[in-house]
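Starting from the known structure of chain A, arrange chains B and C on it as the hints suggest.
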Amino acid sequence: MSQFKEHAADERSLASHPGAAPVLDGALRREIEAYLSRYPTKRAALLPALHLVQERLRQVSPAAVREIACLLDLSPAQVQDTLGFYGFFKQHERLGRFCLRVCRSLSCAARGGEDLLEYLCRKLDIRPGQTTADGLFTLEFAECLGACDMAPAILVNDTLHGNMTKEKIDDLLKSLAAEKDAAGT
Amino acid sequence: MPTVIIDRREIRIPEGRRLNGIEAARLAGIEIPHYCWHPGLSVAGTCRMCLVEVGTRDPATGKITMQPKLQPACNTLVTDNMILVTDSEKVAQARAMVEEDLLLRHPVDCPICDKAGECLLQDYHYRFGRPERRADIFPFSSRRKDLGDVILFADRCILCTRCVRFAAEISGGKELMLIGRGTEEEIGIVDGYPLCNKLSGNVVDLCPVGALVDKDFLYKQRVWFLRRHANVCTGCAVGCSIWIEEHQERIYRIKPRENPFLNKWWICNDGRYDYSHVHDPRRLLRAEKSGAPLLTVDLQSLAEEINRSLRAAGRLAAVVSPHLTVEEAYLLCKLIRGIDSDALLALGPVPVIGEDESFPGGFLIAAEKCPNRRGVEAVIAYFAHRAASFDELLTEVDQGLLGGVWVSAGYKHEWIGPATASRFDRLKLLVVQDLFPSPLLERATYVLPAPVYAERDGSYVNRYDRMQAVHRAIRPPKNVRTEGELFWAMLGGEGRYDASRVREQLAYEIPYFAAARGGVPESGVDLKSNLLADEGDVSSRGGC
Amino acid sequence: MPYEPVLLANISKKESYTLRVYEAGGGYRGLRRVLKELSPRDVVEMITASGLRGRGGAAFPTGVKWSFLPKDHPGPIYFCVNADESEPGTFVNRIQMEFDPHQVLEGAIISCYATRASKAFIYIRYEYPLCYRRMQAAVNECYAAGYLGKNILGSNFSLDVYLYRGAGVYICGEETGLIESIEGRRAWPRIKPPFPAVEGLFRKPTIVNNVETLACVKQIVDRGVAWFRSLGVPPEPNNPRDPGSFGPKLFGLSGHVNRPGCYEAPLGITVRRLVEHYGGGVWQGRKAKAAVVGGLSTGVISEAEFDTPLDFSAPQRVGCLGLGTGCVVVLDETFPMIDFLYNSCRFFAHESCGQCTPCREGTRWALRILERIKAGRGRLCDLDLLMEIGLTIGITPGTTICGLADGAAWPIQTTIRKFRGELEEYIKKTNPHGYRETKPLPAMTGD
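In order, the protein sequence lines correspond to chains A, B and C.
According to numbering that gives the first Met the number 0, the residues represented by the first sequence are 0 to 184, in order.
According to numbering that gives the first Met the number 0, the residues represented by the second sequence are 0 to 543, in order.
According to numbering that gives the first Met the number 0, the residues represented by the third sequence are 0 to 446, in order.
Looking at chain A on its own, in the form it has when it is part of the complex:
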C-alpha cells in the first residue's frame, strides 16, 4: 500500500549499497526487537533502538536509519524526524570514545562552567559538536546536567564529574587517554 514499504522491502537485503553487509548485525536487531513486547506500537521502540545503535556503533548513520525504519515498519522520514529532534545522535561521523558534555546552564555558568568549556575547546582544539582527530574525545555542551550541587559539572559517557576545575580537567583527560590505552582500542 504505502510506497515507503516498497522501498523498505527493497532494503531488506539491507545494504547502503548492494553487496555491502547490513549496518545492524543480528545481535543488535534482536536487542531492538526485544523491546517490542513492551509497547503496543513498534514506533515506541524507536528511541531505545536509536540509543542501542549509537552506543554500539557510535553513530546512527543514514543506512542505519533505513534499517531501523524497516525493522519497526516506519518510513525513513519518521525515524529521521524523531532522531533529528533530539540533537543527540551522531549521523555522519562517529562519536568519540569519550563524549564530554559540559554543562552551560545557570548554576554551572555561575561557577565558571563557560570558562571550562572554552578551556576544553582550546585544549582539544575542537569546537562543541566536534570530535578530536584521533577519535578519542567528542566535545558537546549540555544544558543543565542536574549536577548543580557539584557545579561546574561535566558528563563523560556514563559518569558525572563535578566540582571541575582546569586542573581537574587536565587530570581527567590524562586518565581517560590512559584508560583508552589500557583497553587497547
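Honestly, the hints are just simulated from the structure, not real lab data.
One or more of the hints may lead you astray.
[What the hints assert, rightly or not] Pairs of lysine to aspartate or glutamate, EDC-like flavour, derived with a Cα cap of 16 Å:
#1 K41(A) <-> E182(C)
#2 K89(B) <-> E332(C)
#3 K438(C) <-> E131(B)
#4 K417(C) <-> E332(C)
Note that the coordinates shown come from a computational prediction; the quantities given were computed from them, not determined experimentally.
Okay, now just chains B and C, sitting in the frame of chain A:
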C-alpha cells in the same frame, strides 16, 4: 439546536454537527484567520493564529463568564451557550503577534514568490499585522530544496506542518518530516525517499505560503492574471471536481475544487499536471475530407454535407467515446438513430491502466481512465437497449454489415493500432472525431478535430453514479467545433447549442438521469437518489 | 523543633539504594498495607485529602489529577514517572533516584495501584546514568521480591515497570511531551483537550507524576494524612481556590553559596533561611544580588525579596511564575544580570520544541536581541521589546500549547522589572552612541 454567541450574534448550530470555532464562525460569516488547521487533516493547533476569546453564557441567568486565556478556535468544539469573541483588542494583539513572529525570519521575497496574490501570510499581514517592522533580523534567501515532486523554499516555510500531516494521513507514504528542533526546524525528506506519490501535488495547495511550489507552475504566471473555472477532471472514472485556471485561453494550472461528496479537497497528480494534451501542437486543428482540408467552414454547410453523406451510406454505426459528455452522447445517438433506426451504437474502447489505487485518507484513483463510461452507457442503453462493445462493432465491420461509421474518439493517448484501423478500410463512410493523429485518419472520409475536456460544456457521470455538469473553461482552437455544437446543428436544432437545455430534456426522457432535472448543483448530484428506472434498464447498464 | 527529614532519611546510609537496606528501614510495609487493607479508591481519597500537589513544577493537586481517570475504563491504563528533571538549577530527583530509588518505586507502585495502571514507564533523562542503573537494579530487586509483576504480594494487582531513557531534551519533561517521546515521536506537547488522564500514552488513560511527588505518596501512606498536613502552609483563608502547600519539600540550593546541596524542609521556609541556614550563606564573603526561586523558569527575585516563603503561592506575590521545582540558584553581587538573562534566553531558544509560533520565534528573537546587546549594539527600547515578548508568549495568556514559553518569559519579565537600572546602565555603557535609537538596526553579519 445548540446556540453559540459569536461576536455578540446568536448562531444556531445544526443538530448533530460537531463544529470547531472556525467552522461555527463561518456560519456567522466570520472568517477566523488560521494557517495550520485544515478540515481534512488532524488538528495541530500550533500556528496560534486562530486564537479567540472563549466564554459561556449561563442559560438561566444570562451571566457571561469569559475565560482569561485565549483559546485556539480550531481545537474548540462549540457547545450550547458558548461565547466566542473574535474582534476584541486581545485577539487583535495576539494575531499581530503571530504575524510578526512569522515574519521575523521570513525572507519576504514576494516579488519572486509564486504565492504572491494568494498567500495567507500576505493577506493576514495586511489585515492583522503590525504597521512597522521591529525585528532586527533581515534574512534573505531563496534557498530551495528539491523534495521530489515539489520544490521547497525552506525559508518561506511557517512550519504549519500541513504537508507533513498530509503525507502521513492522506497519501500515507510519510515521506515528509521535520528536521531539527525549535527555531532551526525545517521540512525535509530522507535522501533516497523523495516525496513521489500520486497525491503529492496537494501539499502545494495546502501550503499557506510560497514554501511548497509546483515544479510545473514555478515562475509561469502571476496568480492575479488567472481566471478560474469550475470543471471536472476527465482523467479517470472518479471525476474529481477541479478548478481550471487559465489566462487568455491558455491553461496554467489545475487545482482541486472542494467537493464533500467526492474528492473532498484533493486531486491526484495525473489530473493536476496532465493537461499537456490541451495545448499540444500535435492536436488536430482542421477538418479534412478524404485527406484534404475541408473548405466548407461554416457550421450549417458542414452539418448538411455530413448529413447527406450519412443518409447515403446505408447501415450506420456509432462509436461513442466515454470521453463525450452525456449530452453529446445523447445527441450523437439521436442523430445516428434518426437516420438509421437500426444503427449499431457501441461504446468506445474504455482505457484501463493498472488497478484502482486507494489511499489511507480515502482518496481513490480509478483504473478506468475516462470520465463518462456510465453516462454514455446509460444513454446508449436508452436508444439501443444495450451498449455494444467496440469489439462487437469491429466484428460487424469485418462482416461487411456496416456502410457508415461515426467514430467519436477524443482520447488523450494512442487508442487504436494500425491493424485495427485497417479493418475500417472497407467502409463506405468513416467519420472520425479525434484529438490526435492516428492510423484511423488515413481511412477516414471526414476528419473532424475534437475539443479537449476543458473546451466542452456538458456533464459526466462517474463510477459512483454522480453526475457533474461543467461549462467550458477555454475556447477551443479556431476551427475546432465541439461535438455538441456539431450534433445540434446536424439535428437541426435552433440557435446555439446549450448543454443545460439538452440535459434538462434528457433528464425527462431517460429515467437514469431523472435526478438531474431542474439543474445540477456545484458538487454534482447522485443519480441513484432518484432512480425510477425499472430493473431492466438498470441491469442493462454494463459494469454496474 | 528541628525538622527530621523523611524523604532524605535514607541517603546517608551505606548502600541505601539496595532493597535490603530499604526494607530494613521499614520499606514496602506501606505497600503491603495498601494492598491488604485499602481499595484503589481509598488511596485516591487519601492522597486527595492530604492536599499533595505535584512537585514537578505545575503544582497540580495529585489526587485531583488521579480522579480525572475515566471510571470504568477497560484499560490498559498507563503510569509514567517523570524523571526527566531538566529544569536548570534542579537536581533533587537525581539525589532521590541515586540514593533512595526504592522510595520512589514504592510510591510509584502504590500510585499505580490507586490509578489501576497496569504498566508504568520511568522516563529517566539521559544525563542521569547512575540513576538509570540504580533504578533498574531496584526494579529488578522488586520483581525478585514479588513487589512487581503478576499478583503482587498475592493480591490481584499486577504491574510491570519499564525504564525509558531520554535523549537530552528539556521538553520531554512536559507531561505530553514525555508521552510523545515514549511513543517514539518528536516530543511535541499535545494540545489539550484531550487531557492525558482521558487520552494519553498510546491514546489510553495515562497519569504522569514527578519522582518527588511519588516519594511523598509513599510517605503519606506510611505516616498518614494528618502528618502530611501538619507540615507546610495552610491555604489562604480568603482564597477558596488555594489548596494550600502541605508536606515536606526537597529544596535544591546551588550557585554562589557555601554549601550547595539538596535540603529537605517543610514547604514555607523562606529563601533567606534556605540560603543562610542550610546553604551557609553567600560564598566568598559576598552579598547576594538575586536568586531564581524554583528553577530558571520561575524568574528571579532580588535580595530584598529573600524573605519570600517557598510555598506554592508566595512566589507569585513577588512576580514569579510559581514555586516551580523549589530549587534556588543564588547569584552574588558581582554577577551581571545581563549574563543571567542571556543564559536564560539561550537555554529556552535551544530547548523550544518549535511547534508554536510565539515560542519558536519569540524565544529566538529574545536571544538575538540579547546577543546584539552583548555585542555592544543594544538600545534602551530593546528592554521594552523584550518585556513585550515576555508578557505575550506562554500558556498563561493562552498563546502557546505548553508552559515552556512561560518559563522563557518569566525570567525576562522579572529581570527587566527588578533590575532594569542595571540593564540600562549596561546598554548605555556598551553602546554609548546608539542606545537611544528606536528604529530597527541593520542586520549583524551572519544573518
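Next item on the list: Taking the numbered hints from earlier one at a time, note which ones the structure violates and give those numbers from smallest to largest.
Entry: Those not satisfied come down to hint 2.
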